[in-house]
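J.: If you want the building blocks of each chain, they are given just below.
There are 2 protein chains.
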Amino acid sequence: VSPAASSTRDAGGRNAASRVGSVAPFEIRPADAAVHAAALRYLDDLTKPRGSLGRLERLAARLCAMQRTLEPRVDAPATLVFAADHGIAHEGVSAYPRAVTAQMVANFLSGGAAISVLARSQRMSLTIVDVGVDADLAQHAALLSRKMARGTGNVCEQAAMTPAQLAAAIAAGADAASQAISHGANVLLLGEMGIGNTAIGALLLHQLSDWPLEQCVGRGTGIDDAQLARKHALLTRAALRTRGAGIAAGDATNALDYLSECGGFEYAALVGAILATAERQVPVLIDGFAVTVAAAYARALAPAVLDYCVFAHVSAEHAHRALLAHLDADPLLDLQLRLGEASGAALALPLVQASATLLTDMATFSGAGVSR
Amino acid sequence: VSPAASSTRDAGGRNAASRVGSVAPFEIRPADAAVHAAALRYLDDLTKPRGSLGRLERLAARLCAMQRTLEPRVDAPATLVFAADHGIAHEGVSAYPRAVTAQMVANFLSGGAAISVLARSQRMSLTIVDVGVDADLAQHAALLSRKMARGTGNVCEQAAMTPAQLAAAIAAGADAASQAISHGANVLLLGEMGIGNTAIGALLLHQLSDWPLEQCVGRGTGIDDAQLARKHALLTRAALRTRGAGIAAGDATNALDYLSECGGFEYAALVGAILATAERQVPVLIDGFAVTVAAAYARALAPAVLDYCVFAHVSAEHAHRALLAHLDADPLLDLQLRLGEASGAALALPLVQASATLLTDMATFSGAGVSR
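Those protein sequences? They're chains A and B, same order as listed. Counting from 1 along the first sequence, just add 96 to a position and that's the residue number in this note's numbering. Counting from 1 along the second sequence, just add 96 to a position and that's the residue number in this note's numbering.
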């Protein structure tokens, strides 16, 4: 990724007018409609009542359309968790102290976190990408160091990051995703860790959608009413600051400006990872609220990206259900999760794999000698 | 199981007054409340925000309470699919001909059906129990032959089965479940196959709940409006017949009478399997509408049985959601499935396994050095 000139291509073209400049364009082709239709026809020939596998049939057809085959494969999953700190966390917007970001990265790597357990039990690679943790992390085989800074600026006072940092963070995410795919992954699971990042997600959503802030702000990891009021007040300040800087809300062509103004590094990296995965025509499992916000930003840069997104779950975070509906997403699970870390994506993976395997491995009516 | 005398014990005691006589009692102890409370406390000490794994935490605590341990194990699943034919299928209540029951059993055994694919990909044993298929089935290592008859009587004209057949079918289900547990299974998945059996399930639900028949009847494998009207008319006849025989609806103490009057053999076997699994303090994954109806009958015989039931999903079958609510069930998935065969249970199994593994394998705050 470079601060490249404008492009006629999708993501690049829309960014040309941004005051941030432009990131290198991603070439994202829509999923294949003809393969999608062929997959739906094939599903009707399998030994089950038509449509009786419900949403898994629709998902199976989508996987076919993404991968341009009637034999989709999602048996080599890779999980990327992007971790970063946030200036706003100094103001106290979370139930946890800021140091927990680095502590949880250590916990991911030593195998004790939820995503570690899920990755291990599903025989799935797990890579943590440090794009801005406020600590010197010890080297580890599963840790990719792409630190932009030790946390973003405090969005109540200043821009979260510079345009150059934004481009670099998007590139870091894209690189991590491309690397996983080059190493053989045929489905990517994306997650995040960063104390304070549901606050930033709410602000990003507010900017992009122009929905009232109350609709966007939630309890994150579990704050009480007083903390929620404080979080709302801080984000109101931050939103006023960016509008004071002349950046109107609710305009998809301003998406890169919102990202550099609000942060965080993990959001920018997630946007890059989603775009790069879609460019490679690989399905990407979107985890909870934060990753869904990143998917909304990726769509603002390249609408076709949603063809490759599989929304894992609707979480307990306040704005998630409305955001998913806005994206026409059909999340697989509704388990009242509110953890992040790609945990919801990991829990949904077996359903994604089952949908592919049912399509490829079930018998047809004629093959099995079953009457229609 | 014998047509035993009354008993002071739970399931047996309640059956003493039944005109069917009694089945041997099952001794079902409630899940352990103290272990449940200890599990919830332990979950709060794991490295995640309190409650952030949502419904999986509640499920993990339930598994602990069933198995009387803080180290629950659900890593040795066994699937039992009970297959039988129904006299009413001659009247045309399904989108498929009656011969499909036997054809699908063959498909289960040769590996081409949905449940075959799911069992294989999850390394899970699959046993088909023939309790009344109208065909001579070839022997197979995964086929247990406990055929009561070649299908039940037509419930529009006569009782589905004799009291002796009912007792034998319940015993067949209980035996199959006990055998799987004795062979090492620590979680059971139950399913069914039988052309016409959503009609019978609707009738069974109507009898037990006294809900209007319209609330109980659905489209099964996918019948059209005219077929639905016909199904409703046939079941009205059947319900009138049983009331003419002096069996009042809506009375849990009549549960065995409803089963012998309405059928089917697979329902009776499922009731036995659920009761026997609960007696062994093993979690049982309840599949779709038919198995949920069987769970409602098992509860009528022994209320504590629900402590051991994990409801896998809410299906697209009309009455399923209301029935689950009536049972205070919290189904894990909502995928618009309407297939049966234990397919929904198999799809939910990874979530059940994840809930146990997260509890046993995650680090604690103190262990991982993470700030609270």
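Hint data in this document are derived by calculation from the structure and do not stem from the laboratory. Just so you know, even glycine gets a beta-carbon here, dropped at the ideal spot from N, CA and C. Possibly wrong hints are sitting among the right ones.
What the hints assert, rightly or not - Computed, partial: chain A to chain B, Cβ under 7 Å:
id	residue
1	133
2	136
3	148
4	193
5	196
6	210
7	234
8	317
9	431
10	443
11	457
12	458
13	466
14	467
What the hints assert, rightly or not - What follows is a list of derived Cβ distance ranges for each label pair:
id	chain 1	residue 1	chain 2	residue 2	range
15	A	324	B	311	54 to 60 Å
16	A	465	B	126	44 to 50 Å
17	A	321	B	424	26 to 32 Å
18	A	348	B	165	51 to 57 Å
19	A	253	B	465	46 to 52 Å
J.: Are the hints correct? Go through all of them and say.
T.: Hint by hint, here is what the structure shows:
1. 133: Violated, about 20 Å.
2. 136: It is violated, given that the least Cβ distance between residue 136/A and chain B is near 15 Å, above 7 Å.
3. 148: Holds - the Cβ of residue 148/A comes within 7 Å of chain B, reaching about 4 Å at its closest.
4. 193: holds, 5 Å
5. 196: OK, holds: residue 196/A within 7 Å of chain B, min 5 Å.
6. 210: Nearest chain B Cβ about 6 Å off; hint holds.
7. 234: violated, 13 Å
8. 317: Holds, about 4 Å.
9. 431: holds, 5 Å
10. 443: OK, holds: residue 443/A within 7 Å of chain B, min 6 Å.
11. 457: holds, 4 Å
12. 458: holds, 5 Å
13. 466: Result: holds, 4 Å to nearest chain B Cβ.
14. 467: Result: holds, 5 Å to nearest chain B Cβ.
15. 324/A to 311/B: 54 to 60 Å: violated, 41 Å
16. 465/A to 126/B: 44 to 50 Å: Between residue 465/A and residue 126/B, where Cβ atoms are some 47 Å apart, the hint holds.
17. 321/A to 424/B: 26 to 32 Å: For residue 321/A and residue 424/B the Cβ distance comes to about 29 Å; the hint holds.
18. 348/A to 165/B: 51 to 57 Å: holds, 53 Å
19. 253/A to 465/B: 46 to 52 Å: violated, 31 Å
In the structure shown, a violation is registered for the earlier hints numbered 1, 2, 7, 15 and 19, in ascending order.
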